[in-house]
Amino acid sequence: EAGVAQSPRYKIIEKRQSVAFWCNPISGHATLYWYQQILGQGPKLLIQFQNNGVVDDSQLPKDRFSAERLKGVDSTLKIQPAKLEDSAVYLCASSRGQSGTQYFGPGTRLLVL
Amino acid sequence: EDQVTQSPEALRLQEGESSSLNCSYTVSGLRGLFWYRQDPGKGPEFLFTLYSAGEEKEKERLKATLTKKESFLHITAPKPEDSATYLCAVQAADGSQGNLIFGKGTKLSVKP
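Each protein sequence line maps, in turn, to chains E and X.
Going by the numbering used here, the first sequence opens with residue 1, and the numbers climb by one from there.
Going by the numbering used here, the second sequence opens with residue 1001, and the numbers climb by one from there.
This is chain E alone, in the form it adopts within the complex:
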């Protein structure tokens, strides 16, 4: 079974630029999550989708971050404009249901200069 796929793996941008990350979950997994992991910290949830609907985006900085999940499969997370403090690893995870085991992708490492 193929795992969670993410791209790109690395991205370097300057502050105030925009960036987008893509995630393809495990086939058949209805629930998709985006987490932010700052160096030395555990992952923190940004947004959770159930199929193509948002379940929880309470910790998403909506003035600069946006996310969508087209047709309930792939998802895109966007940052516009980026700030220095957005430098982190952005992890995508998926699970069969809302309380199921979450499986993580390799992450996208973002550096904002």
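Errors might be hidden in some of the hints.
Here are the simulated lysine to any residue pairs, SDA-like style, with alpha carbons at most 25 Å apart [stated by the list, open to error]:
(1) E:K44 / X:D1039
(2) X:K1107 / E:T101
(3) X:K1042 / E:I38
(4) X:K1069 / X:R1031
(5) X:K1042 / E:T101
(6) X:K1057 / E:G97
(7) X:K1069 / E:S99
In case anyone wonders, no lab produced these hints; they're calculated from the structure.
Start from chain E and add chain X according to the hints.
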């Protein structure tokens, strides 16, 4: 507020030297407690889920246990390939469905 604290932050062991990692949690009703392993430059890899106090799970040299306030990850006769950061996370029974609250992790180094 739901919270997870892991200790120690870092642990250095000699190959074969058994030890335990601790995960203390505060949550308003526990749906599940999860252990993940994270290697440098990779995403977290799922190890175990524990649901109720007294539950234990094993996988190779790892054994996870759960009480009402904490979980332990016991490592028996570790090998260098066990070196990684071990993350603990809890999922609350109420509030946001599915949200995992993570600790900062314990970085384990096993020297040959």
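Are the Cα atoms of K1107 (chain X) and T101 (chain E) separated by 25 Å or less?
holds (23 Å)
So if I understand the rule, the pair passes when the alpha-carbon distance is 25 Å or less; does K1069 (chain X) with S99 (chain E) pass?
Answer holds: K1069 (chain X) to S99 (chain E) is near 21 Å, not above 25 Å.
Given the hinted pair K1069 (chain X) and R1031 (chain X), is their alpha-carbon gap at most 25 Å?
holds (13 Å)
Proposed proximity, G97 (chain E) with K1057 (chain X) (alpha carbon, max 25 Å)
holds (22 Å)
Verify the proposed pairing of K44 (chain E) with D1039 (chain X), using a straight-line Cα cut of 25 Å.
Holds: K44 (chain E) and D1039 (chain X) sit about 18 Å apart, inside 25 Å.
Going straight from one Cα to the other, do K1042 (chain X) and I38 (chain E) come out at no more than 25 Å?
holds (14 Å)
Check whether the Cα positions of K1042 (chain X) and T101 (chain E) lie no farther apart than 25 Å.
Between K1042 (chain X) and T101 (chain E) the Cα gap is close to 18 Å, so the pair holds against 25 Å.
In summary, the structure agrees with every hint in the numbered list given earlier.
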